[in-house]
Amino acid sequence: MSKSIITVVGRDQVGIIAKVCTYLAESGVNILDISQTIVDGFFNMMMITDTSGANKEFLVLSDELEALGKKIGVLIKLQREDIFNKMQRI
Amino acid sequence: MININEVIETNEMIEKENLDVRTITLGISLLDCISDDISTLNENIYRKITTVAKDLVKTGHEIEREFAIPIVNKRISVTPIAIVGASACKSEEDFVSIAKTLDRAAKECGVNFLGGFSALPAKGMTKSEELLIKSIPAALAETDNICASVNLGSTKTGINMDAVALMGKIIKETAMKTSERDSIGCAKLVVFCNAPDDNPFMAGAFHGVTETDNVINVGVSGPGVIKHALSEVEGADFGTLCECIKKTAFKITRLGQLVAQEASRRMNIPFGIVDLSLAPTPAIGDSIAEILEGIGLERVGAPGTTAALALLNDNVKKGGIMASSYVGGLSGAFIPVSEDQGMIDAVKAGSLSIEKLEAMTCVCSVGLDMIAIPGSTNEYTIAGIIADEMAIGMINQKTTAVRIIPVIGKEVGDEASFGGLLGYAPIMSVNSFSCEAFIKRGGRIPAPVHSFKN
Numbered sequence: 001m002s003k004s005i006i007t008v009v010g011r012d013q014v015g016i017i018a019k020v021c022t023y024l025a026e027s028g029v030n031i032l033d034i035s036q037t038i039v040d041g042f043f044n045m046m047m048i049t050d051t052s053g054a055n056k057e058f059l060v061l062s063d064e065l066e067a068l069g070k071k072i073g074v075l076i077k078l079q080r081e082d083i084f085n086k087m088q089r090i
Numbered sequence: 001m002i003n004i005n006e007v008i009e010t011n012e013m014i015e016k017e018n019l020d021v022r023t024i025t026l027g028i029s030l031l032d033c034i035s036d037d038i039s040t041l042n043e044n045i046y047r048k049i050t051t052v053a054k055d056l057v058k059t060g061h062e063i064e065r066e067f068a069i070p071i072v073n074k075r076i077s078v079t080p081i082a083i084v085g086a087s088a089c090k091s092e093e094d095f096v097s098i099a100k101t102l103d104r105a106a107k108e109c110g111v112n113f114l115g116g117f118s119a120l121p122a123k124g125m126t127k128s129e130e131l132l133i134k135s136i137p138a139a140l141a142e143t144d145n146i147c148a149s150v151n152l153g154s155t156k157t158g159i160n161m162d163a164v165a166l167m168g169k170i171i172k173e174t175a176m177k178t179s180e181r182d183s184i185g186c187a188k189l190v191v192f193c194n195a196p197d198d199n200p201f202m203a204g205a206f207h208g209v210t211e212t213d214n215v216i217n218v219g220v221s222g223p224g225v226i227k228h229a230l231s232e233v234e235g236a237d238f239g240t241l242c243e244c245i246k247k248t249a250f251k252i253t254r255l256g257q258l259v260a261q262e263a264s265r266r267m268n269i270p271f272g273i274v275d276l277s278l279a280p281t282p283a284i285g286d287s288i289a290e291i292l293e294g295i296g297l298e299r300v301g302a303p304g305t306t307a308a309l310a311l312l313n314d315n316v317k318k319g320g321i322m323a324s325s326y327v328g329g330l331s332g333a334f335i336p337v338s339e340d341q342g343m344i345d346a347v348k349a350g351s352l353s354i355e356k357l358e359a360m361t362c363v364c365s366v367g368l369d370m371i372a373i374p375g376s377t378n379e380y381t382i383a384g385i386i387a388d389e390m391a392i393g394m395i396n397q398k399t400t401a402v403r404i405i406p407v408i409g410k411e412v413g414d415e416a417s418f419g420g421l422l423g424y425a426p427i428m429s430v431n432s433f434s435c436e437a438f439i440k441r442g443g444r445i446p447a448p449v450h451s452f453k454n
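Protein chains in written order, with my numbering: chain Z, 1 to 90; chain L, 1 to 454.
These are calculated hints, taken from the structure and not from any lab test.
Please note that the accuracy of each hint is not assured.
[Unchecked claim] Derived CB-CB ranges, DEER-like:
1) L:Lys-16 x Z:Lys-70: 42 to 50 Å
2) Z:Glu-26 x L:Arg-65: 16 to 24 Å
3) L:Gly-296 x Z:Arg-11: 50 to 58 Å
4) Z:Asp-50 x L:Thr-50: 37 to 45 Å
5) L:Ser-429 x Z:Ser-35: 51 to 59 Å
We put the beta carbon where it would ideally sit given N, CA and C, even for glycine.
So that you can see chain Z by itself, here it is in the shape it has in the complex:
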């Protein structure tokens, strides 16, 4: 398992999750958990995913998600989970 975090930040609109999930399904990325919240009026979504079965390189996924975000009008970021584990856990 190779866990990564996807964050989506922007104005709420119809179909954000659908579009991101469709892309992930096509790319062979498994979604383990989804949560969302509103911060300062902005839609914040976080997905915990497993990229070990992905049919693309990690940095390609990262670029394509960023491009998808631009198309939808939100910011999408893909990061390896380690950064959060290290900073937020003892």
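Model the placement of chain L on the given structure of chain Z, informed by the hints.
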């Protein structure tokens, strides 16, 4: 499992509070390059650096993108060149040729600075060290990416005052040779007392002889993150304040540790240390001065500044030490003037003087850093400023340093501009009474007594 608020907090630190990893510095031993022929030596050095460091920048970029954390600088440090060149270099020009080779290697690898054009005459000076030191003005004027450093003393050896006097002269010459660019050569030259072998930060980075062949050292940053965290404990007592700094420093350092281990794993080069120093940049909000002001000072330099800096520095260490298995380098708060907007503002407002900065260096690394002084300041006064700072380091068993820039053609009230991370600085006034007779005595200040600490 990680929750969404933790993810948002981490990403806000990066996006809004300038959290970054300041540098991945690859230390490379050049001891196996040594030859008694200068052209063979130059060839060996170029080949070794460009082979070992060929993937440094690429690996840094990959880590940056996979974790979405900026790694501002990728740098190289090498064995002090006074040692490496001792056998081959017969003249100052020979040492300058090595500086040029290092510059070419740095450019080939894509790093912005390479440190280690250094000599360590803490007690006595070899012929080779003297030649290297005398070649510094030309070496820094004729290269772009090379940093030079000289260790002038230590708690164990005392202070080599002959070398201090020589450095006063060399700093002045370096300023003259780069006078058309606000004496920028001096921004790449630092003198130390108790120089560490594993410092990843420039201009003082070199790969000490106590180190292994190659090593990855990482310097973290994060003044903006600490400043933001402090805004949430405004008016709280010192216990709460210190707790807040420790927790934040822990998080910042863990990031450094993660990046260091990733770089080490990917390049198959051992991980050395994480340097805990808070390193400011000219960016608004990324300032040590602003942290001190957040602790409760109207302006940095006001009474209370030294105490505030002491508690900041100590708690950054306490939080950081728990976060990383190996801490080293300088590990303290940097208080450069030119690289910190809050410091610049305090100088302009008349709140901060060289004397107060000197007092501040008693409780934090690293010393008088990036301070611009009038170009008319003479070499003895510069040597006197250096001697004072070395004495603080020697007596207090800590690293101290001086990176001072006599800006040729400029006086108090003017500004010097160095560009990029080096920023700009108002020219600060220097005590004009002479110390010439003191500096001219020559010789060495003996090592201090290690008892009766008062």
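Should the hint that Ser-429 (chain L) and Ser-35 (chain Z) are 51 to 59 Å apart at their CB atoms be regarded as holding? At roughly 57 Å between Cβ atoms, Ser-35 (chain Z) and Ser-429 (chain L) fall inside 51 to 59 Å, so the hint holds.
Cβ distance range 16 to 24 Å for Glu-26 (chain Z) and Arg-65 (chain L), holds or violated: holds, 22 Å
Do the Cβ positions of Lys-16 (chain L) and Lys-70 (chain Z) conform to the proposed distance bound of 42 to 50 Å? The hinted range 42 to 50 Å is violated for Lys-16 (chain L) and Lys-70 (chain Z), with Cβ atoms some 21 Å apart.
How does the Cβ-Cβ distance of Gly-296 (chain L) and Arg-11 (chain Z) compare with 50 to 58 Å: does it lie in that range? Given range 50 to 58 Å: violated, Cβ gap about 39 Å.
Assuming the hint says 37 to 45 Å, is it satisfied by the Cβ distance from Asp-50 (chain Z) to Thr-50 (chain L) or not? Between Asp-50 (chain Z) and Thr-50 (chain L), where Cβ atoms are some 39 Å apart, the hint holds.
Figure legend: structure checked against the earlier numbered hints; hints not met, in rising order: 1, 3.
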